[in-house]
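J.: Here the protein sequences line up with chains A and B, keeping their order. Each number in the working numbering corresponds to the 1-based position in the first sequence with 1465 added. The letter at position 44 of the second sequence is residue 29 when you use the working numbering, and the numbering goes up by one with no holes.
What the hints contain is simulated information worked out from the structure, not anything from laboratory work. Take the hints with a grain of salt, since some may be wrong.
[What the hints assert, rightly or not] Simulated DEER-style distance windows between Cβ atoms:
1) A:ASP1519 / B:ARG23: 28 to 34 Å
2) A:GLU1534 / B:THR5: 20 to 26 Å
3) B:SER37 / A:THR1581: 40 to 46 Å
4) A:ALA1561 / B:GLN(-1): 28 to 34 Å
5) A:ARG1478 / B:VAL(-2): 38 to 44 Å
6) A:SER1487 / B:TYR(-5): 29 to 35 Å
7) A:PRO1504 / B:GLY1: 28 to 34 Å
[Said to hold, decoys possible] A few chain B residues that face chain A, going by a derived Cβ cut-off under 8 Å, partial list only:
8) ASN16
9) GLN18
10) HIS27
11) PRO28
12) PHE30
13) GLN33
14) PHE73
15) GLY77
16) VAL83
17) PHE85
18) GLY86
19) PRO87
20) GLY88
Computed from a prediction, not measured in an experiment: that's the story for all the values here. For each residue, glycine too, the CB sits at the ideal point set by N, CA and C.
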Amino acid sequence: DGGITQSPKYLFRKEGQNVTLSCEQNLNHDAMYWYRQDPGQGLRLIYYSQIVNDFQKGDIAEGYSVSREKKESFPLTVTSAQKNPTAFYLCASSIAWLGGFGTTDTQYFGPGTRLTVL
Amino acid sequence: GQQVMQIPQYQHVQEGEDFTTYCNSSTTLSNIQWYKQRPGGHPVFLIQLVKSGEVKKQKRLTFQFGEAKKNSSLHITATQTTDVGTYFCAGGTSYDKVIFGPGTSLSVIP
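For reference, chain A alone in the conformation it holds in the complex:
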C-alpha cells in the first residue's frame, strides 16, 4: 500500500525539549515538504527537500531542523528555540520539485502530527 506516513498522530512534550516528527513515503518521490498549520490558518512551509541529501529553508524555518539522508525519509526536529511549537504538522511529497510546462507537481500529504507542548 503506497503512501506517506507520519507518526505519531498526537505528540505531547514538555517545554524546552526537542522533539522529532517522523515522515516516511514509499511513493519513490524526490521532493518532500514540511508544513505547519495553525487553527483557522493555511499551510506555512517550514522546510523542503528537492532531492536526497539536500534541503532548503521555507518561510518559517527558525526553530526547526531537518535531514534527508534517505529518499523515503524526511524527519523534522522541533527544537527548544521554536517559540510557539504547538501546532498541526503536515508532511508532503511530490514526484519532483519541477512539474514542467508551467505545472507544479501534485503534493501528497501525510495524515499529520498534532504536537502539543505543555
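For chain A, the structure is supplied; the task is to place chain B on it using the hints.
T.: Here is chain B on its own, set in the frame of chain A:
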C-alpha cells in the same frame, strides 16, 4: 512578499445551495492548485489549472483560472454534506514554489 489570499474565510450554506470561494494572488502565477481538507484530516489534491482562462469541471465542482493568472475560483453546485471541509488554493510561482492560501472553511447545514 508574494501572497495568496482567499475569501471568504468561512461560509455556511444550506444543503442544496451553491458555494463559491475566490483565490487572489498579489502576482502572476504559473499555475493554481486546489486542495480539500476534511475536518481532522489532511489536504487532498483536487485539481491543477495552468492556462489563462482555463475552466475545469469535476462533477458538481467548477474551477476557473483568471485571464491574468492572478485569481481563481472554485464553485460547488448544490452542496452536499460531503462537501464540508476547508478548501485551499495553492499558487505556483515563477520560482517553482507553491504558496498556499489561508483556505475557506465550508459548513453545510442539512
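J.: Hint by hint, note whether the structure agrees.
T.: So, going through the hints one by one against the coordinates:
1. Separated by about 33 Å at the C-beta atoms, ASP1519 (chain A) and ARG23 (chain B) satisfy the suggested range of 28 to 34 Å.
2. Between GLU1534 (chain A) and THR5 (chain B) the Cβ separation comes to about 45 Å, which falls outside the hinted range of 20 to 26 Å.
3. Under the hint 40 to 46 Å, the C-beta atoms of SER37 (chain B) and THR1581 (chain A), about 44 Å apart, fit the expected range.
4. Checked against the given bound of 28 to 34 Å, the beta carbons of ALA1561 (chain A) and GLN(-1) (chain B), roughly 43 Å apart, lie outside it.
5. Between ARG1478 (chain A) and VAL(-2) (chain B) the CB atoms are about 39 Å apart, so this pair conforms to the stated range of 38 to 44 Å.
6. In this structure the hint that SER1487 (chain A) and TYR(-5) (chain B) lie 29 to 35 Å apart at CB holds, the actual value being about 33 Å.
7. One distance hint, 28 to 34 Å for the beta-carbon pair PRO1504 (chain A) and GLY1 (chain B), holds here, with the actual separation near 29 Å.
8. A least Cβ separation of about 6 Å between ASN16 (chain B) and chain A falls short of the 8 Å threshold, and the interface hint therefore holds.
9. Taking 8 Å as the C-beta contact cut-off toward chain A, the hint placing GLN18 (chain B) at the interface holds, the least distance being around 7 Å.
10. The interface hint given for HIS27 (chain B) is met, as the beta carbon of that residue sits about 4 Å from the closest beta carbon of chain A, less than 8 Å.
11. With a least beta-carbon distance of about 5 Å to chain A, the hint placing PRO28 (chain B) at the interface is held under the 8 Å criterion.
12. Because the beta carbon of PHE30 (chain B) sits about 5 Å from the nearest beta carbon in chain A, less than 8 Å, this interface hint is met.
13. With 8 Å as the threshold, the beta carbon of GLN33 (chain B) comes within range of chain A, its nearest partner Cβ sitting at about 6 Å, so the hint holds.
14. Using the Cβ-Cβ criterion of 8 Å, the hint placing PHE73 (chain B) at the interface with chain A is satisfied: the shortest such distance is roughly 6 Å.
15. Below 8 Å, beta-carbon pairs count as interface contacts, and GLY77 (chain B) has one with chain A at about 4 Å; its hint therefore holds.
16. The interface hint given for VAL83 (chain B) holds, since its Cβ lies 5 Å from the closest Cβ of chain A, which is under the 8 Å cut-off.
17. The interface hint given for PHE85 (chain B) holds, since its Cβ lies 4 Å from the closest Cβ of chain A, which is under the 8 Å cut-off.
18. With a least beta-carbon distance of about 6 Å to chain A, the hint placing GLY86 (chain B) at the interface is held under the 8 Å criterion.
19. Interface restraint check: PRO87 (chain B) against chain A, minimum CB-CB distance 4 Å, threshold 8 Å, status holds.
20. With a least beta-carbon distance of about 5 Å to chain A, the hint placing GLY88 (chain B) at the interface is held under the 8 Å criterion.
The earlier numbered hints that this structure contradicts are 2, 4.
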